[in-house]
Amino acid sequence: MNLIVTLDDQNGMLFNHRRQSRDRVLNDRIATLCGGRLTVTAYTAALLEGLPVDLTISEDPLAAAKPGDWCFLEDRSPAPALEKIEKLVVYRWNRVYPSDLKFDIDLSAMKCVSKTDFAGYSHEKLTEEVYLP
Amino acid sequence: MKKLIRICLPLLLAIALLCAASCGLDPRSLQRQPVQSTDDLPAYSGEAYAAINGNTPYFTDAEKTAARQSYETYAELDALGRCGVCVASVGKDLMPTEPRGSISSVKPTGWPAKVEDAKYDFVDGKYLYNRCHLIGFQLTGENANRQNLITGTRYLNVTGMLPFENMVADYVKETGNHVLYRVTPVFGGNNLVAFGVLMEAWSVEDGGDGVCFCVFCYNVQPGVVIDYINGNSRLANAGEELMPDWGGIPAAQTPSGDDPATGTGETPQANAPTLLAGSEDVRQGDTATVRIQGTPGVAYSVRVKLPSGSYSGAAALKDPKTAGTDGVVEWSWTIQPNTRPGTATVTVTGGEEILEFTFAILEKPAE
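Protein chains in written order, with this note's numbering: chain A, 1022 to 1154; chain B, 29 to 395.
One or more hints might be untrue.
A short, non-exhaustive set of chain B residues, derived as facing chain A with CB atoms under 8 Å [said to hold, decoys possible]: (1) Asn83; (2) Pro191; (3) Phe192; (4) Asn194; (5) Asp198; (6) Gly238; (7) Phe241; (8) Lys333; (9) Gly341; (10) Ala343.
Pairs of lysine-lysine, DSS-like flavour, derived with a Cα cap of 25 Å [said to hold, decoys possible]: (11) B/Lys346 <-> A/Lys1123; (12) A/Lys1136 <-> A/Lys1146; (13) A/Lys1105 <-> A/Lys1132; (14) B/Lys135 <-> B/Lys147; (15) A/Lys1146 <-> B/Lys201; (16) B/Lys135 <-> B/Lys154; (17) A/Lys1136 <-> A/Lys1123; (18) A/Lys1146 <-> B/Lys120; (19) B/Lys201 <-> B/Lys120.
If you are wondering where the hints come from, they were derived from the structure by calculation, not from laboratory data. Idealized CB from N, CA, C, for every residue including glycine.
With the hints as constraints, model all of the structure from the sequences given.
Printed below as a string of structure tokens:
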């Protein structure tokens, strides 16, 4: 499984059941990255409405995603699926937001193979980091 | 644009308040203080902020309805020169288009006579106190507005308040929607320095799906003990409590002990809610709406059982809503395109009363 997450400067994911931020340029990039197929929860499906992506909606997308599948995870802990991760793509907001759900995988135990900055629509600079186990 | 807004502000505010009045909103309630005493707030426990009221803001439905256009209001300073409640419906048109100007001319209450007296090497930037915007510059572009600046620690400004301001600012920039936003400084008694600020936010056009929070940010600085009466400060001893006098202190500028919705000071007795309007047939991908007549001041929750037997997880349905002075409560949410067609059951509960009805979810027509 190839996992995508969005994080702030403190590795936050969610606050009060809501995503920390959003950016339409980033959504387009994710749609391209995943090759038009993505496994998500219903919460994330609403964010991607209108994009050319074939969505598999699951209450447990980490369990539903098969080898080679792309999964965009916003509203739950990714750690239970650590063993399944073939590639991890982290998008950084480069901002600090409040958070009560944190990303719970130790990135220092993975290998960062690329890091790319790009401009978003409402964010001056977004960063894409790609990790391999 | 901001300059135009500023020139037209009195007119825009009058329009906003007229609209508010036409929606049954008493304009004075915009600056109602939700916190009556420090007993309403958890004591500082080492975190920069704490969620209050289940992270649900205290806005009434009438206040939410009036927030469909941008406005900003800042309470007059009180007899001691202290700031009060600041409220805005933050829209893109209020956001700054120029860099922030100097605010050094403003000396909020509790500001030290000599800033050198409140300097600590371990504080980011060395100085304990910042002139701390209640509604952040990035949201409404206010510079040296003395009705919007308090004496706040660096920790309150950067670790406590800034993340919430960022969340609101980026949401508004991305969506073009409005966020109803209220910041209330909480002073104890005649203290000149606030214990902290209550921050409330609710995204208007999507019914709180995008942004919804209610938090108290503490005006503390780890390692420093502050005298909130006058702003004096000193190094904390090891293990010393930073806010030792917390608890039972009436919040300043409290207009009365009345319940904000009913004005009676008593817990309202809930009558059975009745259905004013509800979607009958909703297609996949469309918006469903429920409007009920309830009892002012009573909190109502709604659950929607889908044809599949599971319950809707729409964020707009997650948090209870408190009926305003007109008693009307409304929910709107999107039926996901993949929701199974069939009969959905809506259950509204408030007090000990229940209202239940059904509507049909129809298949989206083929394009």
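Okay, the hints, checked on the actual structure:
Annotation: interface hint on B/Asn83 holds; nearest CB of chain A at approximately 4 Å, less than 8 Å. Taken as an interface hint, B/Pro191 checks out: its beta carbon lies about 5 Å from the nearest beta carbon of chain A, inside 8 Å. Taking 8 Å as the C-beta cut-off, the interface hint given for B/Phe192 holds, the closest approach to chain A being about 6 Å. At its closest, the beta carbon of B/Asn194 sits 5 Å from a beta carbon of chain A; the interface hint therefore holds under the 8 Å criterion.
Taking 8 Å as the C-beta cut-off, the interface hint given for B/Asp198 holds, the closest approach to chain A being about 5 Å. Satisfaction of the interface hint for B/Gly238 is found here, the shortest Cβ-Cβ separation to chain A being roughly 7 Å, below the 8 Å cut-off. Annotation: B/Phe241 was flagged as interfacial toward chain A, and the flag holds, the nearest CB pair being 5 Å apart, inside 8 Å. For B/Lys333, the interface hint is violated, since its Cβ never comes within 8 Å of a Cβ in chain A; the closest pair sits about 16 Å apart.
At about 6 Å, the closest approach between the beta carbon of B/Gly341 and any beta carbon in chain A falls short of 8 Å, and the interface hint on this residue holds. The beta carbon of B/Ala343 is positioned within 8 Å of a beta carbon in chain A (closest approach about 6 Å), and the interface hint is therefore held. The hinted pair formed by B/Lys346 and A/Lys1123 meets the criterion: a straight-line CA distance of about 21 Å does not exceed 25 Å. At most 25 Å may separate the alpha-carbon atoms for a hinted pair to count; A/Lys1136 and A/Lys1146 meet this at roughly 13 Å.
In summary, the hint linking A/Lys1105 to A/Lys1132 is supported, as the alpha carbons are separated by about 16 Å, within the 25 Å threshold. With a CA separation close to 17 Å, the supplied pair B/Lys135 and B/Lys147 stays within the 25 Å bound. At roughly 14 Å between alpha-carbon atoms, A/Lys1146 and B/Lys201 fall within 25 Å of each other, so this suggested pair holds. Note on B/Lys135 and B/Lys154: the hinted pairing holds, with a Cα-Cα distance of about 18 Å set against a maximum of 25 Å.
As the CA atoms of A/Lys1136 and A/Lys1123 are separated by approximately 21 Å, the hinted pair is consistent with the 25 Å bound. As the CA atoms of A/Lys1146 and B/Lys120 are separated by approximately 20 Å, the hinted pair is consistent with the 25 Å bound. For a cut-off of 25 Å, the pair hint linking B/Lys201 to B/Lys120 stands: about 6 Å separates their Cα positions.
Taken one by one, the earlier hints fail for this structure only at number 8.
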